[in-house]
Amino acid sequence: MQIKPFRLTLLALSLLIPAALCAVILFLLIFSAQAIGFNGFGFVTRIIWDLGDLYGDPVTVRGVLVPAGANYGILVFIVGTLLSSAIAILIAVPLSVGAAIFLSEAVPSKIRPVLSMLVELVAVVPSVVFGLWGIAVLVPFIGTMLGPVMSKYLGFIPFFAGGDSGGGYGLLAASVVLALMITPIIATTLLDALLQVPKENRESAFALGATHFEVVSKAMMPMVRTTLIGGIVLALGRALGETMAVLMVSGGGLNILPHSIFSPISTIASFIVSPLDSAEGDPTNMAVRSLAEIALVLFIITLLTNAAAKLLTSGGLHVGKRK
Amino acid sequence: MHLNNKLRRSTLLRAGVAALALSGLTSFAAPAKAQTIVSLVESGSSLLYPLFNIWVEDFATNNPGIQITTTSTGSGAGIAQAIKGLVQIGASDAYVSDAMTKMHPTILSIPLAISAQSINYNLPGVTGLKLSGPILAGIYSGTITHWNDPQIAAANPGVALPANAIVPVHRLDGSGDTFIFSQFLSASTPSWKSSTGFGTTLSWPPITGEIGAKGNAGMLAAAKANPYSVAYIGVSYASKVKAAGLGTAALQNAAGAYVLPTPDTIGAAADSVSATTPPDERVSMIFTSGPTAYPIVNYEYAVVDSNQPASAYADAIRTFLTWAINEGNSPTYLNQVNFLPLPPAVKALSAAQIAKIQ
Numbered sequence: 001m002q003i004k005p006f007r008l009t010l011l012a013l014s015l016l017i018p019a020a021l022c023a024v025i026l027f028l029l030i031f032s033a034q035a036i037g038f039n040g041f042g043f044v045t046r047i048i049w050d051l052g053d054l055y056g057d058p059v060t061v062r063g064v065l066v067p068a069g070a071n072y073g074i075l076v077f078i079v080g081t082l083l084s085s086a087i088a089i090l091i092a093v094p095l096s097v098g099a100a101i102f103l104s105e106a107v108p109s110k111i112r113p114v115l116s117m118l119v120e121l122v123a124v125v126p127s128v129v130f131g132l133w134g135i136a137v138l139v140p141f142i143g144t145m146l147g148p149v150m151s152k153y154l155g156f157i158p159f160f161a162g163g164d165s166g167g168g169y170g171l172l173a174a175s176v177v178l179a180l181m182i183t184p185i186i187a188t189t190l191l192d193a194l195l196q197v198p199k200e201n202r203e204s205a206f207a208l209g210a211t212h213f214e215v216v217s218k219a220m221m222p223m224v225r226t227t228l229i230g231g232i233v234l235a236l237g238r239a240l241g242e243t244m245a246v247l248m249v250s251g252g253g254l255n256i257l258p259h260s261i262f263s264p265i266s267t268i269a270s271f272i273v274s275p276l277d278s279a280e281g282d283p284t285n286m287a288v289r290s291l292a293e294i295a296l297v298l299f300i301i302t303l304l305t306n307a308a309a310k311l312l313t314s315g316g317l318h319v320g321k322r323k
Numbered sequence: 324m325h326l327n328n329k330l331r332r333s334t335l336l337r338a339g340v341a342a343l344a345l346s347g348l349t350s351f352a353a354p355a356k357a358q359t360i361v362s363l364v365e366s367g368s369s370l371l372y373p374l375f376n377i378w379v380e381d382f383a384t385n386n387p388g389i390q391i392t393t394t395s396t397g398s399g400a401g402i403a404q405a406i407k408g409l410v411q412i413g414a415s416d417a418y419v420s421d422a423m424t425k426m427h428p429t430i431l432s433i434p435l436a437i438s439a440q441s442i443n444y445n446l447p448g449v450t451g452l453k454l455s456g457p458i459l460a461g462i463y464s465g466t467i468t469h470w471n472d473p474q475i476a477a478a479n480p481g482v483a484l485p486a487n488a489i490v491p492v493h494r495l496d497g498s499g500d501t502f503i504f505s506q507f508l509s510a511s512t513p514s515w516k517s518s519t520g521f522g523t524t525l526s527w528p529p530i531t532g533e534i535g536a537k538g539n540a541g542m543l544a545a546a547k548a549n550p551y552s553v554a555y556i557g558v559s560y561a562s563k564v565k566a567a568g569l570g571t572a573a574l575q576n577a578a579g580a581y582v583l584p585t586p587d588t589i590g591a592a593a594d595s596v597s598a599t600t601p602p603d604e605r606v607s608m609i610f611t612s613g614p615t616a617y618p619i620v621n622y623e624y625a626v627v628d629s630n631q632p633a634s635a636y637a638d639a640i641r642t643f644l645t646w647a648i649n650e651g652n653s654p655t656y657l658n659q660v661n662f663l664p665l666p667p668a669v670k671a672l673s674a675a676q677i678a679k680i681q
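Line order of the protein sequences matches chains A and B. For the first sequence, my numbering assigns the number 1 to the initial residue and increments by one for each residue that follows. For the second sequence, my numbering assigns the number 324 to the initial residue and increments by one for each residue that follows.
Any given hint could be a false lead.
From chain B, some residues computed to sit far from chain A (all C-beta separations above 10 Å) [claimed, not checked]:
#1 GLN390
#2 ASN471
#3 PRO513
#4 GLY535
#5 ASP587
#6 SER597
#7 THR599
#8 ALA637
Output of the computed footprint for chain B on chain A, the stretches with three or more beta carbons under 8 Å from beta carbons of chain B [claimed, not checked]:
#9 173 to 183
#10 246 to 257
Honestly, the hints are just simulated from the structure, not real lab data. On a predicted model such as this, the values are computed, not experimentally measured, just so you know. In this text, a Cβ means the ideal position worked out from N, Cα and C, and glycines have one as well.
Take these sequences, add in the hints, and give me the full structure.
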């Protein structure tokens, strides 16, 4: 009898999280319903974003009141989001795999906690700090050194031909900042898994005459592959949703698709922030509703990546349990 | 472990009781000291925010009964929150639009001070650049792409212009600076008005190499980091612009003269419209006709609902705004942010609007 209130409390608390999730989805759906109707499917295929004339009289288009000339399309932001996250993953995966293997194999176990804590510390640096570093260090570096060198020697590859590199703000800067932010996520997940690989597996591989490289690449990495994929997807989730750091270094591309790795871009998350203040000046409120619809699209994209992760790993995230 | 938990709980409990007692004390003490403390919230323009901060500090010492919290959220948010009644004073670089005024007729736009905007350039080896609205419109719409373009050369006889590509920098976030800049382009260049128009964010024409930056600080950083760039920055950043080594362009005004943003030329713009400012003071000071007027000048507005829910709020808002357009307009405050005081005729109109707040 005494246990009942305890159980009830737990039940209520545990229901709170799914309830909050449902509330968010419901809110987005209801709030953006009018925008979804107005924008139609073209919302995700158009490359124009125009709030229209917020200062003149609104007009009725397709049965709803909107500012004259309003036209909302987010293909540029979808492409920017996917490209910057993909490049960030491409940079981060080798870095973090290397870091994790180094920490688990090459570092004496006494120093390991210190070093791995340092890696974890990078994960808790607030994103605005990364953004500031990006503006102060990374962007000038790309603009004046890396960019010109890359376009000179790699310019024959279509996507690397930046001409003059566009000042450093853009896709590459955003991707590098994102890569730095997600590297510790992948590295720490992978490190935990590598340390869980049974001693017997390592030692028997050594006993068979395998070199250290072969032990890592043939005996250990296959065992942690699902964890690696899980870590990557976790990192991807962070990269897709990152707002402030990207906003500060992305160059804010608008109405134009990126044509090189140096092109200015906007991501979905950062674009929800940047025009919000102006959108609030829309007397018909359609601009804010369309921003809510963007949020819905971002939500769907992250949901899809997470579903993909579940499919790929099918429970493989819990490597720690099989000992 | 169990003991430890118990201990922790008891300390927590004690801390909680102490906190409760403290809060009780303060809430009892407050009404005893001054019976009517009115709390006002100011929210909006990041350009006005520094001025509000230095204002409120001095105002509070003289008016202990009125407490003002200042926040920097952006002009659009300031207007929206003032309309919703979430804040008592919305701060905005732009007046409330006709469409908004029609929907919310009790919302007032009250000028508090005058600000301006400089066009800055990062051109190694070039100083004293002259630009005009049509040239800037050409740069920002992608028809003028290089510094040695014939149109720029024609405005700058004798200046050795480099053949480099122009890097236009614009604001990424919603901004009163974008509003007045695009108003200037719209007023001076008909093709800009019909194609892009004006607003706090724009659907910028796509240009290879252009940069979007966040906030005035971001504009400054981007212009500094990119040789051959051009940017528009609020004059309150003038000292930082100078320190960054950026040039300030002289702009062609409606009378055809090239003028730099100085107190004299900004004041001339304000004087040229002060006689024709309508009673609701929603007027543009962009590209006015004065012979020495600087073309990008604007009022900084307080956006207030004239219909306040309680007279205590209305009294406090009137007291503060009256103080702001009188004592608050003294150079001790305005010079710190490079703003200019309201001309007497406009000050009278603002006072008349403030009196409407009930």
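>> For each hint given before, does the structure comply? Return the numbers of the non-compliant ones in rising order.
In response: 4, 9
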